[in-house]
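Novice: Note that the protein sequences, when read in sequence, are chains A and B.
Counting from 1, position 98 in the first sequence corresponds to residue 890 in the working numbering; the numbering is continuous, with no gaps.
Counting from 1, position 7 in the second sequence corresponds to residue 9 in the working numbering; the numbering is continuous, with no gaps.
These aren't lab readings, by the way, just hints derived from the structure by calculation.
Worth double-checking, as some hints may not be accurate.
A few chain A residues that face chain B, going by a derived Cβ cut-off under 10 Å, partial list only [stated by the list, open to error]:
1. Thr824
2. Lys833
3. Gln834
4. Met837
5. Ser881
6. Phe883
7. Ser887
8. Gly889
9. Phe901
10. Arg906
Glycine residues also receive a C-beta, built at the ideal position from the N, C-alpha and C atoms.
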Amino acid sequence: GAVVSQHPSWVICKSGTSVKIECRSLDFQATTMFWYRQFPKQSLMLMATSNEGSKATYEQGVEKDKFLINHASLTLSTLTVTSAHPEDSSFYICSAGHHDRGRTQPQHFGDGTRLSIL
Amino acid sequence: RKEVEQDPGPFNVPEGATVAFNCTYSNSASQSFFWYRQDCRKEPKLLMSVYSSGNEDGRFTAQLNRASQYISLLIRDSKLSDSATYLCVVSHLGGATNKLIFGTGTLLAVQP
Chain A
793 GAVVSQHPSW VICKSGTSVK IECRSLDFQA TTMFWYRQFP KQSLMLMATS NEGSKATYEQ
853 GVEKDKFLIN HASLTLSTLT VTSAHPEDSS FYICSAGHHD RGRTQPQHFG DGTRLSIL
Chain B
3 RKEVEQDPGP FNVPEGATVA FNCTYSNSAS QSFFWYRQDC RKEPKLLMSV YSSGNEDGRF
63 TAQLNRASQY ISLLIRDSKL SDSATYLCVV SHLGGATNKL IFGTGTLLAV QP
């Protein structure tokens, strides 16, 4: 089955640091990848849709200057949390999927990155 | 009101029990429906897609009622390994791409 790899799996850093998270599709080309955030005991919330070769589409309330997304190739999307603060501590998960014959194919998720800002 | 609503549980059931989870969604334009499973501190994993005709995969049966905007998941003969959070997920077009909207999940604890 489709495999999505996410790195790193765990980050602990000081407030003010910028953190880059990578998401790779290992056995298929992903023109679109999605970035989610999940706070404890809450549902996954879509942050942005990452489109290969173009700008990301951000959900309402998500600061595009704080959460920089780059999707430079069909197999790699990166999310950079700039000047991270403790309130940015969360579980960040990427996913990739594709649209086939009018039906959304299930998305496959990376392992997630647990970000802790001190 | 949340777009996808689930009973958060927890559902505590003995091994071998049958348990049912329900989910409602508010956007009638939703096109695709899924159940995902999420273990503690892990990423969600697809359990099964849900089709209007209903579908079954081993001990798991999913049903969709578009008229009522209602989705269900039935687990028969529960195993200890079924303990997890079950996420109801719907998809609809958001611009040029399909977006997944997640429920908060229903926590299942299967007891020995």
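Novice: Now tell me if each hint is right for this structure.
Specialist: Evaluation of the provided hints:
1. Look at Thr824 (chain A): its Cβ gets to within about 5 Å of chain B, closer than 10 Å, so that hint holds up.
2. For Lys833 (chain A), the shortest C-beta to C-beta distance to chain B is roughly 8 Å, which falls under 10 Å, so the interface hint holds.
3. Hint status for Gln834 (chain A): holds, given a least beta-carbon distance of 6 Å to chain B, under 10 Å.
4. Look at Met837 (chain A): its Cβ gets to within about 8 Å of chain B, closer than 10 Å, so that hint holds up.
5. With a cut of 10 Å, the hint placing Ser881 (chain A) at the interface with chain B is violated, because the nearest CB-to-CB distance is about 14 Å.
6. About 8 Å separates the beta-carbon of Phe883 (chain A) from the nearest beta-carbon of chain B, less than 10 Å, and the hint is met.
7. For Ser887 (chain A), the suggested interface contact is upheld, since its CB lies about 8 Å from the closest CB of chain B, less than 10 Å.
8. The beta carbon of Gly889 (chain A) comes within 8 Å of a beta carbon in chain B, closer than 10 Å, and the hint placing it at the interface holds.
9. Restraint check, Phe901 (chain A) versus chain B: the minimum CB separation of about 4 Å is within 10 Å; hint holds.
10. Of the supplied interface hints, the one on Arg906 (chain A) holds, with its beta-carbon coming within about 7 Å of a beta-carbon of chain B, less than 10 Å.
Violated hint: 5 only; the structure is consistent with all others.
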